[in-house]
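Residue numbers (this note's numbering), protein chains in the order written: chain A, 1 to 268; chain B, 269 to 544.
If you are wondering where the hints come from, they were derived from the structure by calculation, not from laboratory data.
All values derive from a computational prediction rather than experimental measurement.
You may find that some hints are simply not true.
Taking lysine-lysine and the DSS-like style, the derived pairs with C-alpha atoms no more than 27 Å apart in a straight line are [stated by the list, open to error]:
| no. | chain 1 | residue 1 | chain 2 | residue 2 |
| --- | --- | --- | --- | --- |
| 1 | A | 69 | B | 515 |
| 2 | A | 69 | B | 504 |
| 3 | A | 228 | A | 115 |
| 4 | A | 99 | A | 193 |
| 5 | A | 146 | A | 117 |
| 6 | B | 515 | B | 531 |
| 7 | A | 117 | A | 193 |
| 8 | A | 85 | A | 197 |
| 9 | B | 411 | B | 515 |
| 10 | A | 197 | A | 146 |
| 11 | A | 146 | A | 193 |
| 12 | A | 100 | A | 146 |
| 13 | A | 69 | B | 506 |
| 14 | B | 454 | B | 506 |
| 15 | A | 99 | B | 481 |
| 16 | A | 255 | A | 69 |
| 17 | B | 504 | B | 515 |
| 18 | A | 40 | B | 481 |
| 19 | A | 115 | B | 481 |
| 20 | A | 255 | A | 40 |
| 21 | A | 100 | B | 481 |
| 22 | B | 481 | B | 411 |
| 23 | B | 343 | B | 304 |
| 24 | B | 343 | B | 411 |
| 25 | A | 229 | A | 85 |
| 26 | A | 69 | B | 454 |
| 27 | A | 69 | B | 481 |
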Amino acid sequence: MFISEGTQSPDFTDHDCVIPAVSVGNVGQLAADLLIQNLKLTRVGYFHDDCFLPVIGNDPFACESRDSKCSLMTAAEVYYCAKRKIVVVQQRSPIIKSKKSQYTEMLFSWITTSKFKEVVILSSVFSDERRDEQLTGTQLRFLFSKNLNERLTDFIEENQWKKLECRQADLPHAASGEAYMPGSGIAKSLHAKCVDKDVSSAILLIFCSEGDNASEAIQLATYLNSWKKWIDLQNLSECSATKSTRGWILPSSWKLLYGSRFNQSLFQ
Amino acid sequence: MASFFGEIVPALSRAVDEEDDDDELEYMPKCSISFKWNTTLISEETLKCASLVVAVGPAASAFMQIYMLNGRPTKLLGQATLDRADDDDDDDLIMMGQSSRSSPLSPCLIHLLTDTPSVVMMQCRDEVLPELTFSLVDQSFSKLNLSNSRVIVLTSVSVSQYRSELISDDLQVPFLRALKTDAETKHAFCPYLEQPNTIAGLSAQVLTLCQVKSVACCLYVVYSDLILPDQRTVRKFKDLEQIPTFKSFISVNSATADEQLAKLLDSKTKENTLYL
Numbered sequence: 001m002f003i004s005e006g007t008q009s010p011d012f013t014d015h016d017c018v019i020p021a022v023s024v025g026n027v028g029q030l031a032a033d034l035l036i037q038n039l040k041l042t043r044v045g046y047f048h049d050d051c052f053l054p055v056i057g058n059d060p061f062a063c064e065s066r067d068s069k070c071s072l073m074t075a076a077e078v079y080y081c082a083k084r085k086i087v088v089v090q091q092r093s094p095i096i097k098s099k100k101s102q103y104t105e106m107l108f109s110w111i112t113t114s115k116f117k118e119v120v121i122l123s124s125v126f127s128d129e130r131r132d133e134q135l136t137g138t139q140l141r142f143l144f145s146k147n148l149n150e151r152l153t154d155f156i157e158e159n160q161w162k163k164l165e166c167r168q169a170d171l172p173h174a175a176s177g178e179a180y181m182p183g184s185g186i187a188k189s190l191h192a193k194c195v196d197k198d199v200s201s202a203i204l205l206i207f208c209s210e211g212d213n214a215s216e217a218i219q220l221a222t223y224l225n226s227w228k229k230w231i232d233l234q235n236l237s238e239c240s241a242t243k244s245t246r247g248w249i250l251p252s253s254w255k256l257l258y259g260s261r262f263n264q265s266l267f268q
Numbered sequence: 269m270a271s272f273f274g275e276i277v278p279a280l281s282r283a284v285d286e287e288d289d290d291d292e293l294e295y296m297p298k299c300s301i302s303f304k305w306n307t308t309l310i311s312e313e314t315l316k317c318a319s320l321v322v323a324v325g326p327a328a329s330a331f332m333q334i335y336m337l338n339g340r341p342t343k344l345l346g347q348a349t350l351d352r353a354d355d356d357d358d359d360d361l362i363m364m365g366q367s368s369r370s371s372p373l374s375p376c377l378i379h380l381l382t383d384t385p386s387v388v389m390m391q392c393r394d395e396v397l398p399e400l401t402f403s404l405v406d407q408s409f410s411k412l413n414l415s416n417s418r419v420i421v422l423t424s425v426s427v428s429q430y431r432s433e434l435i436s437d438d439l440q441v442p443f444l445r446a447l448k449t450d451a452e453t454k455h456a457f458c459p460y461l462e463q464p465n466t467i468a469g470l471s472a473q474v475l476t477l478c479q480v481k482s483v484a485c486c487l488y489v490v491y492s493d494l495i496l497p498d499q500r501t502v503r504k505f506k507d508l509e510q511i512p513t514f515k516s517f518i519s520v521n522s523a524t525a526d527e528q529l530a531k532l533l534d535s536k537t538k539e540n541t542l543y544l
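Same shape as in the complex, but just chain A:
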């Protein structure tokens, strides 16, 4: 499934891997876009498989206008930074419905052969499925594998991170004690496979609804960065250009969210 861009496949041993799940609002994927843009990651390979619906476009992270240059983007790509030992997967199209299990299996196989130190899955959950106490306060939640939980106990307490609560007792799925994450895509199944095989795995998620989910993506990326400390956002957010985005530089592919400009004289 993974095809390296160069002749040699890079060594991902002991790297952190960030995988966005196609979830409600595409928040995980948008957050991955922020990481790739701001960490200036370079593409090192592709996921080429019959699981993905095909999509192509021009370079989504281009700085200037791209009608004179072309760097092809495909449905699923792998980005990398050797210095920071980070690998970020970006998926731009959904998985074909009948192939979700197949994709999860192949992704997990790639994770184990690559020998990542930690796997972080970015996802989101339908906000209308929240419990009463989740309606207020931070909308960000986490789920850690057992080994990560033990290692980060102090961090969780100091930063007041909230673990995803179990479902209310009188509702379906509550009795099993499993996490209830509607709209989170393959996050739960992939995390379960990692936990089962003692791979350090984390899910970071946010409650949201469909719409303009850029702000949720910024929150989720900031949440991840507060743990990993990859980017110093404090200094960047002083700049007026990035004040509203909490220091994150937005990719050029995020423009024209509501479509092309229209003729204003239509509404006089």
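Once you've looked at the hints, dock chain B against the given chain A.
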């Protein structure tokens, strides 16, 4: 989620459908693609081709038929067949024009130009279901040796899907845009497709395969404001004649070609007219 009238409606998402607990067997595809090859022309080994031209969609396919294949000696190298799981026509297949009732034709035909055997033309008249594109491209390319080859993909898309800083009234429709793989070093003839626009479907699958296999490939897409292929849209591909290699693919006598095109598109318009 509560609606305006107080009823509970399920929350919808552009990214995910119902919970992943659904049985995946329900979504198993009802059809598959298989390829039949002309074994007299191609046997176990792959066919070396210097140039491959792929036409996707009715407009590009009409252009290929009239301006590239007509009046030229060609042989059918291979064709795809849609194998349905059951005999009933699926609504999706009918809409895509690929049911046996609406279109008995193959979704993909591969022609070999007998006068220039290093040139292969792949004609996909209708859009194939996205779930089948990987299989179609994988099978069709399996018999073609594309190392040191150049691939050109032609397709058309509705201008309603095009996003631009320009006001839509200022766009001169139809217009051309291009995308190319990293292995293609030559500059495209027209401006490249700007972000945040994307291309999906069979054309995207061809370019994806060429990108991962480092094959030089360039996609030319005509943005059109009409649903059905029309002469202006089809003739827009003729602008590519300014590329020397592309010009060599065009068969001569464009006057008769224009006449044949008008006839072909006129017959299609009559089939699809809403008002008798």
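Results for each hint:
no., hint, verdict
1, 69/A <-> 515/B, "holds, 24 Å"
2, 69/A <-> 504/B, "holds, 22 Å"
3, 228/A <-> 115/A, "holds, 19 Å"
4, 99/A <-> 193/A, "holds, 17 Å"
5, 146/A <-> 117/A, "holds, 14 Å"
6, 515/B <-> 531/B, "holds, 23 Å"
7, 117/A <-> 193/A, "holds, 15 Å"
8, 85/A <-> 197/A, "holds, 22 Å"
9, 411/B <-> 515/B, "holds, 26 Å"
10, 197/A <-> 146/A, "holds, 11 Å"
11, 146/A <-> 193/A, "holds, 13 Å"
12, 100/A <-> 146/A, "holds, 25 Å"
13, 69/A <-> 506/B, "holds, 23 Å"
14, 454/B <-> 506/B, "holds, 19 Å"
15, 99/A <-> 481/B, "holds, 23 Å"
16, 255/A <-> 69/A, "holds, 18 Å"
17, 504/B <-> 515/B, "holds, 14 Å"
18, 40/A <-> 481/B, "holds, 25 Å"
19, 115/A <-> 481/B, "holds, 26 Å"
20, 255/A <-> 40/A, "holds, 19 Å"
21, 100/A <-> 481/B, "holds, 25 Å"
22, 481/B <-> 411/B, "holds, 15 Å"
23, 343/B <-> 304/B, "holds, 14 Å"
24, 343/B <-> 411/B, "holds, 16 Å"
25, 229/A <-> 85/A, "holds, 13 Å"
26, 69/A <-> 454/B, "holds, 11 Å"
27, 69/A <-> 481/B, "holds, 21 Å"
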